[in-house]
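Engineer: Below, each chain spelled out in residue letters.
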Amino acid sequence: MIYLKSFIFCGLVSALAELILSKTKLTPGHMTTLFVIVGSFLDVFDIYDKLIVWAGGGALVPITSFGHLLIHGAMDMATNSNFMGLLTGMLNLTAAGITSAIIISFYLSLIFKPKD
Amino acid sequence: MDENKYSILVKKHTPKEDVSKNVFKAFIGGGIMGLLGQGLIDIYSFLFNVSTKEAGIYMIVTLIFLGCLFTCLGWFDRLVNFFRCGLIIPITGFAHAMQSATLEYRREGLITGIGTCMFKLAGSVIAYGIISAYTFGVIRLIILGVLK
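Line by line, the protein sequences are chains A and B. The numbering used here numbers the first residue of the first sequence as 692 and each following residue consecutively. The numbering used here numbers the first residue of the second sequence as 26 and each following residue consecutively.
By construction, these hints were calculated from the structure, which means they are not laboratory data. A hint or two may mislead.
Estimated spans, in silico, between C-beta atoms of each pair [unchecked claim]:
hint: 1; chain 1: A; residue 1: Thr-770; chain 2: B; residue 2: Ile-156; range: 18 to 24 Å
hint: 2; chain 1: A; residue 1: Gly-720; chain 2: B; residue 2: Thr-137; range: 19 to 25 Å
hint: 3; chain 1: A; residue 1: Thr-790; chain 2: B; residue 2: Ile-68; range: 21 to 27 Å
hint: 4; chain 1: A; residue 1: Phe-736; chain 2: B; residue 2: Lys-78; range: 19 to 25 Å
hint: 5; chain 1: B; residue 1: Glu-79; chain 2: A; residue 2: Asn-771; range: 20 to 26 Å
Glycine included, each C-beta is placed from N, C-alpha and C at the ideal position.
All chains should be built: construct the whole structure from the sequences, respecting the hints.
Structural biologist: Written out as structure tokens, the structure reads:
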């Protein structure tokens with residue numbers, strides 16, 4: 692059942708992005724940025740946490756979860772040390788994603804050559 | 026030729042993209058990525074005996090690796106042509122943005138090429154993610170403080 696839910700949720704988010712992309716003149720770069728902001732906005736009142744409980748991995752895969760993880764780490768720290776916690780905890784949960792993206796893309800770019 | 030006539034002619038001959046078909050393709054592509062994510066979480070939490078939260082981090086790293094590798098092999102562009110936003114909105118789109126920037130600017134050198142241009146496309150995601158998360162975090166702290 693969780694597989695069906697994650698299929699539907701991730702599919703709906705992508706379909707929504709495609710719909711906005713085809714109706715307006717925005718680029719894919721605009722779309723990813725927009726969806727990160729939407730993700731962090733949804734976490735202001737813990738809505739995204741409920742979505743993750745509902746859709747499982749399907750809610751973690753879209754780029755909206757990146758914004759969610761950013762504000763989630765910040766708020767976790769902020770419960771102890773208010774406004775300073777926002778700064779220290781911001782990258783706590785996304786560190787794995789950003790670091791691995793930097794390292795993997797660096798080493799792969801040394802191995803592979805551009806196609807065209 | 027008259028300018029109006031020309032623009033009408035251009036409009037007539039521009040290939041029209043079927044919106045509903047593309048949206049459906051994006052739905053299928055995104056759904057497959059969601060399935061893959063949930064499947065990887067289950068596999069990792071079974072294999073390495075870790076909590077679901079940690080398995081989620083492993084899953085994200087795996088998807089980033091796959092996105093980077095497929096971009097290097099040149100398969101990602103073909104898949105994006107078919108699935109469109111179904112592959113751009115999942116975390117693989119972020120990996121693709123970084124990998125294509127590093128691949129493209131590699132010939133300009135390690136420092137001035139890869140180093141400075143790595144975040145050329147993906148930088149806006151990180152920058153606006155942090156900006157929005159900080160702004161919303163401050164708002165939420167103020168609201169929680171008022172409610173206390």
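Engineer: What hints, given by number in increasing order, does this structure fail?
Structural biologist: none
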